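Asks: Sequence:
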Amino acid sequence: MKKKQHTSVIRRMYAGFAMMVILFTAMVFMMLDGTSRIHQQLQQVTDTALPLVSYSNQASVRLLAADKLFKDFLTSQDPARMDAYEGLFTDAHARFSDSLAQLVILNRDNAEVQHQLTTLTAIEQRYFQEAQTAMVNYRTQMLAQHERQQSTRQFQRLYTTLYDDMKEQLADQRNVAITMMSKNYFLKLKQTETITSDALATEDIDAINKAIRNNKRYVNHVGNAYRSLSTMMPALKMAFDQPIARYMRDIGQSGGALDAHYQYIESRNKLYDNIHTLAAEIDKATQILDSFRHYASGQMDSAIDRADVAYQQGYKKALIFGGIMAALAMAIGWYVAQSVRKPLQSTLTTLEALANGDMTKRNDVNQSVEFSQLGVYINSLADNLQEILGRLSQASGELTTVAEQNQATTSDAKQRLHEQRQQTASVATAMTEMEHSVTEVSQSAQNTMQRIHDVEHASQTGREVMNNNIDTAQQLSARLDESVQAVANLQQTSGHIGSILDVIRNIADQTNLLALNAAIEAARAGDQGRGFAVVADEVRVLAKRTTDSTAEIEQMITTLQDRASQTMTLMQSCLTEMDNSIEQANNANAAMEAIQAIIQEISMMSAHIAHAAEEQRDTTASTARTLEGISHIADANFASMEEVAAASQTLDVLVHQQNDLVQRFKL
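Reading the sequence shown from the start, the letters are residues 1 to 667 in the UniProt record's numbering.
No lab work stands behind these hints: they were computed from the structure. Just so it is clear, the structure is predicted and the values come from calculations on it, not from any experiment. For glycine and all other residues, C-beta sits at the position ideal for the given N, C-alpha and C. Any given hint could turn out to be false.
[What the hints assert, rightly or not] DSS-like, lysine-lysine: derived pairs with alpha carbons at most 30 Å apart: (1) K284 to K270; (2) K71 to K284; (3) K210 to K188; (4) K270 to K68; (5) K71 to K216; (6) K188 to K216; (7) K316 to K284; (8) K317 to K284; (9) K237 to K167; (10) K237 to K183; (11) K183 to K216.
[To be verified] Simulated DEER-style distance windows between Cβ atoms: (12) Q566 to A597: 42 to 50 Å; (13) N506 to Q566: 28 to 36 Å; (14) N468 to T567: 42 to 50 Å; (15) D91 to T118: 19 to 27 Å; (16) Q423 to A597: 48 to 56 Å; (17) M556 to N467: 40 to 48 Å.
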């Protein structure tokens, strides 16, 4: 009798998870509430405190930048740079005004900082107005300093002129009155110079005023003393009227050196007052901006404290709800586990038996809804597997027989393909070697034909050279004939010269006899014939020299005739040899022509041989390529057969493995 089925496990799990989702949703809402409160505090920091700090820092930086430009203006003495700094200072004023306006807009609803913002706005107006005034005073000071320097140098030059030059003018004066008035003049002039120099060296405004008042009194004294001197010495007026007037203006009148020094000191003091006032305003503005930052820091600290309180409350609530959820999840998990463990254990036992090969094991279906359905499916799967394994066992035996037959057939075909591949490779190798041999024969025929062409060209060149040699030999034979005739002419001429020498020798002998007779006659004449005896001796000496020279010439001509005879004999021998050479050259030329004809025939035969060898090489190459293709096909067939054999062997192994696997199951 079947047991009553239990409630669905899925429904139990759904109910448990639904309760957990409700608790989780409640916890999420609680955490979102805490996060919202923290976000409100952070939003307050972001919307109020941080912008206040940011804009305060921005305003502070821009104010300090403007103050730096102002100080750069005060440290510059170049008018162009001063104008540039003034323009930059105006821009910095505009940027600070923008930052201050943003602070005012940001805190228009914040009553705590309204007073400081009003004070900061007033400081901004006072500071930049005072800075403009200071810039004007600085420019005034620069101008006053320039005028003071020029006036001081002019004052020193005038004093030198009025003192030293005046002394030179008065040095030669012997008038007592002029001497007394000049002493009074130089005394008053020295007093005014001392007062003025002391005033120019001091920066005390009261001392400068006192010096101006004293000089106004001494100006009259100096003027009176000079007028007295110029009255006594009218020549002084032209040289010193203008210098004394300028000097009197410099020491006590408006526009003079003391007045320029007074204006410089006064403008500098005003500038110092401006700088002091601006420093105080900068300090006040910085204190106010720092108070903004302190206020913002306080707001941030307060918001962070409130956010920390909200975080602590949310953390405690999260721990409480988390504990409740953990306990509930454990209870639901235990209940679901108890509902699942027993039917799951039964199912695992059945699956373990099936996995171990017992195909007769079946699952108990008297469980909960889900596990009952699972048992039915497992039992159906076991039935199907049992039937499939039975059929697979029968097919595996038949497949084993077929695999063994296929392997034997494959081995036989593989052996035959191997023999065919070896024979085809041997034929292909032989054809390749034959192709190389034919190629070498063709190449040798080409080389032979090229050498024959070279020999033919060389024989043609030799025949041409031979013809040139024959022509040259014939020309040389003609020249030798001419040379033989010239030597014969030379020998005949030498004979004529011998005859002439005989005549000269006879003349010399007669001259010698005449000279001897003259000497004898002179000796007979005594002193009167002494001069004639001298002449006779000279003639006799000359006749002897002529005789000696004629003998030498005769000997040389005899030698020349002998050499000419020998030369003519040699030339006639050379002429004979030249005729023989021309005849042999003609014979060699005929032989070269015969050789050239034979070479032409050999060249034609070599061309035929080369053409035939080329055709044979092409045929052999085509045959070799065909055999190589057959060899590749045989290799491919052999490789395919090896793959088939390997596949057959693998199939045989797999069939045996399949049989082993099927035998493991209990059917």
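Asks: So, for every hint listed, does it hold in this structure?
Replies: Hints, verified against the model:
A hinted pair counts as satisfied when its Cα atoms are at most 30 Å apart, and K284 with K270 qualifies at roughly 21 Å. Pair hint K71 plus K284 holds up; C-alpha atoms about 18 Å apart against a cutoff of 30 Å. For the hint linking K210 to K188, the alpha-carbon distance of about 17 Å falls within 30 Å, and the restraint holds. Taking the CA atoms of K270 and K68, the gap is near 20 Å; set against the 30 Å cutoff, the hint holds.
Using a Cα cut-off of 30 Å, the hinted pair K71 and K216 is violated, with the two alpha carbons roughly 39 Å apart. The hinted pair formed by K188 and K216 meets the criterion: a straight-line CA distance of about 12 Å does not exceed 30 Å. The hinted pair formed by K316 and K284 fails the criterion: a straight-line CA distance of about 48 Å is larger than 30 Å. At most 30 Å may separate the alpha-carbon atoms for a hinted pair to count; K317 and K284 exceed this at roughly 50 Å.
Under the criterion of a C-alpha separation no larger than 30 Å, the hint pairing K237 with K167 is consistent with the structure, at around 15 Å. A C-alpha spacing of about 18 Å is found between K237 and K183, which places the hinted pair at or below 30 Å, so the restraint holds. As the CA atoms of K183 and K216 are separated by approximately 21 Å, the hinted pair is consistent with the 30 Å bound. Evaluation of the 42 to 50 Å hint for Q566 and A597 yields a pass: the beta carbon distance comes to about 47 Å.
At roughly 30 Å, the beta-carbon separation of N506 and Q566 lies within the given 28 to 36 Å, and the hint holds. For the pair N468 and T567, the supplied restraint of 42 to 50 Å is violated, since their beta-carbon distance comes to about 28 Å. Between D91 and T118 the C-beta distance comes to about 25 Å, which sits within the given range of 19 to 27 Å. Distance hint check: the CB atoms of Q423 and A597 are about 53 Å apart, consistent with the given range 48 to 56 Å.
Take M556 and N467: their Cβ atoms lie about 45 Å apart, and the range 40 to 48 Å holds.
Consistency note: the structure conflicts with the earlier hints numbered 5, 7, 8, 14.
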